[in-house]
Amino acid sequence: MLEISHVSKTFNKGTVNEKKALDDLNLKLKEEDFVTVIGGNGAGKSTMLNMVAGVYPIDAGTIRIDSTDVSLMPEYKRARLLGRVFQDPMMGTAADMEIQENLAMAYRRGKNRGLSWGITKKEKETYHEALKRLGLGLEDRMSSKVGLLSGGQRQALTLLMATLQRPKLLLLDEHTAALDPRTAKKVLELTREIVEEQKLTALMVTHNMKDAIQIGNRLIMMHEGRIIYDVSGEEKQKLQVSDLLEKFEEASGEEFSNDRMLLS
Amino acid sequence: MGILLAVQGAVSQGVLWGIMALGVYMTYRVLNIADLTVDGSFALGGSICAAMMTLGMNPWLSLLVAIAAGALSGAVTGFLHTKCEIPAILAGILTQIGLYSVNLRIMGRSNTPLLKLDTMFKQLMAATGLSSAWVSLITGAVFCAVLIGALYWFFGTEIGSAIRATGNNENMVRSLGMNTNVTKMLGLMLGNALIALSGALVSQSQGYADVKMGTGAIVIGLASIIIGEVLFGRKLAFGTKLFSIVVGSVIYRIIVAVVLQLGLNTDDLKLLTAILVAVALSIPVMLEKRRQTASYKASLNGNHKEEQEGGHAGN
Ligand SMILES: Nc1ncnc2c1ncn2[C@@H]1O[C@H](COP(=O)(O)OP(=O)(O)OP(=O)(O)O)[C@@H](O)[C@H]1O
Ligand SMILES: [Mg+2]
Numbered sequence: 219m220l221e222i223s224h225v226s227k228t229f230n231k232g233t234v235n236e237k238k239a240l241d242d243l244n245l246k247l248k249e250e251d252f253v254t255v256i257g258g259n260g261a262g263k264s265t266m267l268n269m270v271a272g273v274y275p276i277d278a279g280t281i282r283i284d285s286t287d288v289s290l291m292p293e294y295k296r297a298r299l300l301g302r303v304f305q306d307p308m309m310g311t312a313a314d315m316e317i318q319e320n321l322a323m324a325y326r327r328g329k330n331r332g333l334s335w336g337i338t339k340k341e342k343e344t345y346h347e348a349l350k351r352l353g354l355g356l357e358d359r360m361s362s363k364v365g366l367l368s369g370g371q372r373q374a375l376t377l378l379m380a381t382l383q384r385p386k387l388l389l390l391d392e393h394t395a396a397l398d399p400r401t402a403k404k405v406l407e408l409t410r411e412i413v414e415e416q417k418l419t420a421l422m423v424t425h426n427m428k429d430a431i432q433i434g435n436r437l438i439m440m441h442e443g444r445i446i447y448d449v450s451g452e453e454k455q456k457l458q459v460s461d462l463l464e465k466f467e468e469a470s471g472e473e474f475s476n477d478r479m480l481l482s
Numbered sequence: 003m004g005i006l007l008a009v010q011g012a013v014s015q016g017v018l019w020g021i022m023a024l025g026v027y028m029t030y031r032v033l034n035i036a037d038l039t040v041d042g043s044f045a046l047g048g049s050i051c052a053a054m055m056t057l058g059m060n061p062w063l064s065l066l067v068a069i070a071a072g073a074l075s076g077a078v079t080g081f082l083h084t085k086c087e088i089p090a091i092l093a094g095i096l097t098q099i100g101l102y103s104v105n106l107r108i109m110g111r112s113n114t115p116l117l118k119l120d121t122m123f124k125q126l127m128a129a130t131g132l133s134s135a136w137v138s139l140i141t142g143a144v145f146c147a148v149l150i151g152a153l154y155w156f157f158g159t160e161i162g163s164a165i166r167a168t169g170n171n172e173n174m175v176r177s178l179g180m181n182t183n184v185t186k187m188l189g190l191m192l193g194n195a196l197i198a199l200s201g202a203l204v205s206q207s208q209g210y211a212d213v214k215m216g217t218g219a220i221v222i223g224l225a226s227i228i229i230g231e232v233l234f235g236r237k238l239a240f241g242t243k244l245f246s247i248v249v250g251s252v253i254y255r256i257i258v259a260v261v262l263q264l265g266l267n268t269d270d271l272k273l274l275t276a277i278l279v280a281v282a283l284s285i286p287v288m289l290e291k292r293r294q295t296a297s298y299k300a301s302l303n304g305n306h307k308e309e310q311e312g313g314h315a316g317n
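Heads up: the protein sequence lines correspond to chains H and U, in order.
In terms of our numbering, the first sequence opens at residue 219 and continues consecutively.
In terms of our numbering, the second sequence opens at residue 3 and continues consecutively.
If we strip away everything but chain U, and leave its shape as in the complex, we get:
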């Protein structure tokens, strides 16, 4: 029974964190930029949402504030990267580090409990009479569905197409009259807005915000994307791809829940995640190398045979 409950909790967490993974996908795959703002913008979402709620703001409105703050943090990275021409990875790290202090300032301390406050999940539990795990799960699923629909629409529009093309071939986008600084900026803002929204939802669901809640989020996001790709393949229609990422996030959480049940120490979790991502990223490379060597060897054997046969024919 314990494991079932743990898995249900894992699934609902997976869906809420899945929104963060969607945000990581916007930059990592769509824009083809490794944006490390993530850890900071996730905690930013949680912190600002908790701070707003503590000030008495409605929990739903607090989500909107978190989204706006996330977009702003993406804009800072975008500014550093496009206008100041700082390499994207470094620009993201700078924003992320800066956000640590900003988040502490926003909350005024390192941890803000929401236990006494009326979170959106508590409101929904009261309204529906469902258990907390079910409410998180259903709310997360609805958010994911709406967001996937919205993203699918957005990337079909003129601006969305230009953002996708920027990740493919910047040079072409400029030669077709789009400012790639703008498309990159929009992509970074969109990605970090999603990430902050996820942070806000997670903080409301777990009942507190912590300045360290985003540590390692980027790796979890990557793990979700990669698990999705391993399961569903990389050549998917855009909508299916987004869906596969959320599924990847859920599966990641289930793996975590299972290994914790098996007795793994929570302290070792980050190491496990890092190893998981490193392995998942290197497997395709190894396989490709092996395939290449194997096909070379096969061709050597093939030539060898042909030569021999040729020799016979000559004689």
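Bound-form chain H, shown alone:
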């Protein structure tokens, strides 16, 4: 499904700010894998997702999605295969455009845009139904500007947009981190439902260890641009937060010093 092999990425090469973000990274995902990704700040989690999405070019290695080599494919072309939700709720939507216009653009992901009407009447009904299931009352505000929505509402909408056309792979980068605990829980629940329903393959970065253990069928831990721990199936179900902390210290030889993770 997804195959990352020997991928490396160094930012600001040859300057004082040189930073190796990914170091000979390897990862293989099977169809319908739902993988949670954890790791300290700067471990390379976002970079891994950005490399898969083609936000920046990779320095070495190959990335295949569904056996298509996408290593050199520009971001907008890869978008056909990918659904993405970002940490920043502002990143996934166009604030000055209507809710339904945002959905209509997402609905056309991977299709050629032409001079036909940007949104049809029939689509609007589909969007009405889709918004209803979010349970946020957005279905009655379809022609409101997205800029008027709260972060949580925008994030739920982005999630809906990312999965309106079934993506081959769903990339979630701490998509609940900016939300209050209740909204975060709701968006996470929604994520779970949608992934299950559409039988999606997904990569979800999170700082919440409990979520990382509970959700999905596989968990990977990253450190300094590498995967240092990879666990799935029953073994993953039995994990405790303390196990993860221990693993981290063992693999990295450092104390785990991330308040956000310890608190959760």
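Read the hints as simulated data drawn from the structure, not as lab findings.
Take these hints with a grain of salt, some might be off.
[Claimed, not checked] Interface residues of chain U toward chain H, partial, derived using beta-carbon atoms under 8 Å: (1) Gly158; (2) Glu160; (3) Gly162; (4) Ala164; (5) Ala167; (6) Ser177; (7) Met180; (8) Asn181.
[Claimed, not checked] Just the calculated beta-carbon pair ranges, DEER-fashion: (9) U/Ala280 <-> H/Asn235: 33 to 41 Å; (10) H/Asp241 <-> U/Lys272: 54 to 62 Å; (11) U/Thr242 <-> H/Leu290: 43 to 51 Å; (12) H/Ala278 <-> U/Leu57: 55 to 63 Å.
Model, not experiment: these values are computed from the prediction.
The beta carbon of each residue, even a glycine, is placed where N, CA and C say it ideally should be.
Assemble chain U with the ligands onto chain H, guided by the hints.
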């Protein structure tokens, strides 16, 4: 009577220049790019239209040539900005400067009179028997109406939506599978095509094209957009917004006509326009700051009272 005539002339000029303001709006507000190609592409429209007509081309066909040339100049800025990754402002300035020489080459001199030629306005005057000011006014109004209708339609289409979204959130547009280099390019081409069309219409209406006719056009365009926003507000439906820009352009011309009648020297006009735009842009910022300070002070007073009242209750 003099002032009435001056105002009528101003209105008809305002409508023709309003098309240029619509073009500026495409980049400045829709794409959220400050495109400085404007001064060059406006003069390009005028120059190429005059040159074509001098060669014997039909005045209406010459408009089409001007539109195509304007789109091409937008494409040059687009190429410099998207492919060569030159910051948009600089890319626009480069094209604008280059166009100065190009326009001189096109005309072969710095000024081309059209007085002896059959302009579209002269044709329409002969056909309708109306005065020159009325013909310019009506022609300009018809052009504006058709263009606003066409733009309204275009920005409702799939491609048009993607261009609007690019000005909002490029990152999202790419993640939804649209090449933002293409949307930016299209926006710049569309904007400069409108600007060149306006230049061509203005040159036919004033009876000559001049290589310097575009100087300061960007500021006039901005002034029109801002006057429209001040009068109608910023939260408008798209069609109304486009209309407000043309109205803004007309009002700008009326202001100019009035101050000239009051004895202002034409040489000082550009300074006046620059001041007008600077003031109009800074007023909202000042107001917001004042509002913020005022509401902070009000909250201080409010807290003060509460504290006192709390104190009494405690005693
Ligand atoms: N665009 C960029 N330019 C320069 N350096 C970058 C860039 N993106 C990431 N980096 C660097 O690469 C390293 C990995 O960053 P990345 O964002 O992938 O970490 P992360 O695991 O997502 O961390 P966090 O939990 O803080 O989000 C960091 O040191 C970061 O500073
Ligand atoms: Mg990150």
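Status of the hints after comparison with the structure:
Evaluation of the U/Gly158 hint against chain H yields a held restraint, the C-beta minimum of about 5 Å falling below 8 Å. For the restraint placing U/Glu160 at the interface with chain H, the shortest Cβ-Cβ distance is roughly 4 Å, inside the 8 Å limit, so the hint holds. Hint status for U/Gly162 relative to chain H: holds, with the closest Cβ pair at about 7 Å, below 8 Å. Given hint, U/Ala164 at the interface with chain H, holds; its Cβ is 6 Å from that chain's nearest Cβ, closer than 8 Å.
At a threshold of 8 Å, the smallest CB-CB gap from U/Ala167 to chain H is about 4 Å, leaving the interface hint in force. Look at U/Ser177: its Cβ gets to within about 5 Å of chain H, closer than 8 Å, so that hint holds up. With a least beta-carbon distance of about 6 Å to chain H, the hint placing U/Met180 at the interface is held under the 8 Å criterion. Look at U/Asn181: its Cβ gets to within about 5 Å of chain H, closer than 8 Å, so that hint holds up.
The hinted range of 33 to 41 Å is satisfied by U/Ala280 and H/Asn235, whose Cβ atoms lie roughly 38 Å apart. In this structure the hint that H/Asp241 and U/Lys272 lie 54 to 62 Å apart at CB holds, the actual value being about 58 Å. The hint said 43 to 51 Å for the Cβ distance between U/Thr242 and H/Leu290, and at roughly 45 Å that hint holds. Taking the beta carbon of each, H/Ala278 and U/Leu57 are about 58 Å apart, inside 55 to 63 Å as hinted.
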